[in-house]
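Produce the complete structure using the sequences and hints provided.
If you read the protein sequences in the order shown, they are chains A and B.
Every position in the first sequence, counted from 1, becomes a number in my numbering once 179 is added.
Every position in the second sequence, counted from 1, becomes a number in my numbering once 735 is added.
Take the hints with a grain of salt, since some may be wrong.
Unchecked claim - Sample of chain B residues facing chain A (criterion: CB under 8 Å; computed from the structure):
hint	residue
1	GLU821
2	THR886
3	TYR889
The hints are simulated quantities; they were obtained by calculation from the structure and are not laboratory data.
All values reported here derive from a predicted model rather than from experimental measurement.
The C-beta atom is built at its ideal place from N, Cα and C for all residues, glycine as well.
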Amino acid sequence: MAVRIAVAASDRPFQGPVSRDSGSEGTEWLAGESPAVAVTRLNLTNYRNIRHLRLETEAKVVVLSGPNGAGKTNVLEALSFLSPGRGLRRARLADVPRRGGTGVWAVAARVRYPRGVIEIGTGVAPDQRVGERRLVRIDGQVARGTAALGRALTVNWLTPPMDRLFIDGPSPRRRFLDRLVYGFDVDHAARVSAYDRALRERSRLLRDGRSDAAWLGALEETMAACGIAVAAARRETICRLRSGMKAGVSPFPAATVAADGDVERWLDVMPAIDAEGRFRAALEAARDCDARSGGAAVGPHRTDLAVCHAGKDMPAEDCSTGEQKALLVSIVLADARLQEARLGRAPLLLFDEIVAHLDATRREALFELLIDRPAQTWITGTDRSLFDRLGSAARRFGVDDGRISASPE
Amino acid sequence: MRDGHIERLIQLLARLPGLGPRSARRAALHLVKRRDTLLEPLARALNAVADAVRPCSTCGNLDAVDPCGVCVDGRRDPSRICVVEEVADLWALERAGVFRGRYQVLGGTLSALDGIGPEDLNIASLIARARKPEVREIILALNATVDGQTTTHYIHDCLAACDVDVSQLAHGVPVGGELDYLDDGTIGAALKSRRRM
Chain A
180 MAVRIAVAAS DRPFQGPVSR DSGSEGTEWL AGESPAVAVT RLNLTNYRNI
230 RHLRLETEAK VVVLSGPNGA GKTNVLEALS FLSPGRGLRR ARLADVPRRG
280 GTGVWAVAAR VRYPRGVIEI GTGVAPDQRV GERRLVRIDG QVARGTAALG
330 RALTVNWLTP PMDRLFIDGP SPRRRFLDRL VYGFDVDHAA RVSAYDRALR
380 ERSRLLRDGR SDAAWLGALE ETMAACGIAV AAARRETICR LRSGMKAGVS
430 PFPAATVAAD GDVERWLDVM PAIDAEGRFR AALEAARDCD ARSGGAAVGP
480 HRTDLAVCHA GKDMPAEDCS TGEQKALLVS IVLADARLQE ARLGRAPLLL
530 FDEIVAHLDA TRREALFELL IDRPAQTWIT GTDRSLFDRL GSAARRFGVD
580 DGRISASPE
Chain B
736 MRDGHIERLI QLLARLPGLG PRSARRAALH LVKRRDTLLE PLARALNAVA
786 DAVRPCSTCG NLDAVDPCGV CVDGRRDPSR ICVVEEVADL WALERAGVFR
836 GRYQVLGGTL SALDGIGPED LNIASLIARA RKPEVREIIL ALNATVDGQT
886 TTHYIHDCLA ACDVDVSQLA HGVPVGGELD YLDDGTIGAA LKSRRRM
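Structure (structure tokens):
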């Protein structure tokens, strides 16, 4: 029977000792055993190319296979909406509903997690105004914002566009780092958006040539307070990751990670309160320059995530495509283990086309690691046979033209 | 097909905060069905408010007289002015019954993105009031939101030249609150504004 948790309990961050209904550290997870964190039922309505989908599963690994454009990634994206934010495609809400429909869409999931079972619903309701945020309901109660989602479940993902994470510009890397922070600190998202808003306001004032020193000063005060908090949370995550990745898990290489930015460097050498003062002074000094160039020359919005292949002492961007992917897998799995060890709950993982670029050894090692995880993983691929080695731990579904069917075992 | 008058009423109701098209339809029907007990009294009340209520030219509060009841109340302490974002915040403070000074309603917060600058808020009149010799303290009681705090910093800066004490409401542990349930930001703010016992 589903254990319904009270709303008060779902609003509470999971810190401190957590009593767990099933599973504990050191538990041997056998193939086919139910994971402690899982989406056991998923309903999608008018979601992209899917008119209606319903699936139920208790499996450790859920495999979605089918041709290109069938809707596999759409299912993963729907699952990513069970966490705060814009999902794994960073979609605009208007792009999510099925074409030709009414604009209404919904994702409903029954989620098992270490403290019980919750029902999560999210989407756009019929009488919602254009431009409003998506609704979130937890156990039938409307939640105040998407942040409430992060208190029950964390979700992380790897997608094909992220294969270029180490090669492209810094902003996707910064978002990737921030997602690792959210897992431990649900309020991080609110601080990042408060910082971004103050930054945009300051840029607008500078662009409009309003040299109202008091107004600019007030915005810089806000930027300094929020910005230092953002940088400190990222630093903490990096420190945790470093300690959790010392060894790496063969054949996935250990990565050395660092947050590369001025503000982080200040935090290395001075107390946060002094770093705040320094950041504020730097912003004030850069007003003329920022007015010409737009944005701000200094701040955590410019921080980059620097990743190195520890064994080879080589920057990730210089590694081969396959090694870059292996490094990403390594980081995501290390973060998942840390969440499990520190918070008593592991994240749901969504791996889109994960086996591309991985050799057979790494592919099989990955499958074993996923089977050992205490939480569910959803993976997609065009070729079903690539996942044969998952054996009975996986439940396989075929996806074709927005329809899903259980594949014969 | 609905009557044009009712349609107009529904459209107007739907523009109220917290009401969507569906709840506006329900409200409109509810009103029409209760003509004597609700619709007509409401219409009279709306008319009366539209005729009489104006913002106070001193503090920005809403009242049927100008200056408002709070500003002319001789029992109130003229040396302290509490600055709030909206009239609703003034009402909240009055409900609590803990403040016996006067108010200044800003009418919003600074927002460059929404095009709301200092000249759109009652800030110039606040500074003029702060310069009066009888005023000793300005209490900034803006919301603990990003925009509220930015505006607080701004006003604090503007008041630097005036000979008044400027204070701000404490941020931190709510009365009856448990530390275990608070977010990191609130705990941090509470620790920052701790006081000697």
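Against the structure, the hints:
1. GLU821: violated, 19 Å
2. THR886: holds, 7 Å
3. TYR889: Interface hint status for B/TYR889: holds (4 Å vs cutoff 8 Å).
Violation of the numbered hints given earlier is confined to hint 1; every other hint is satisfied by the structure.
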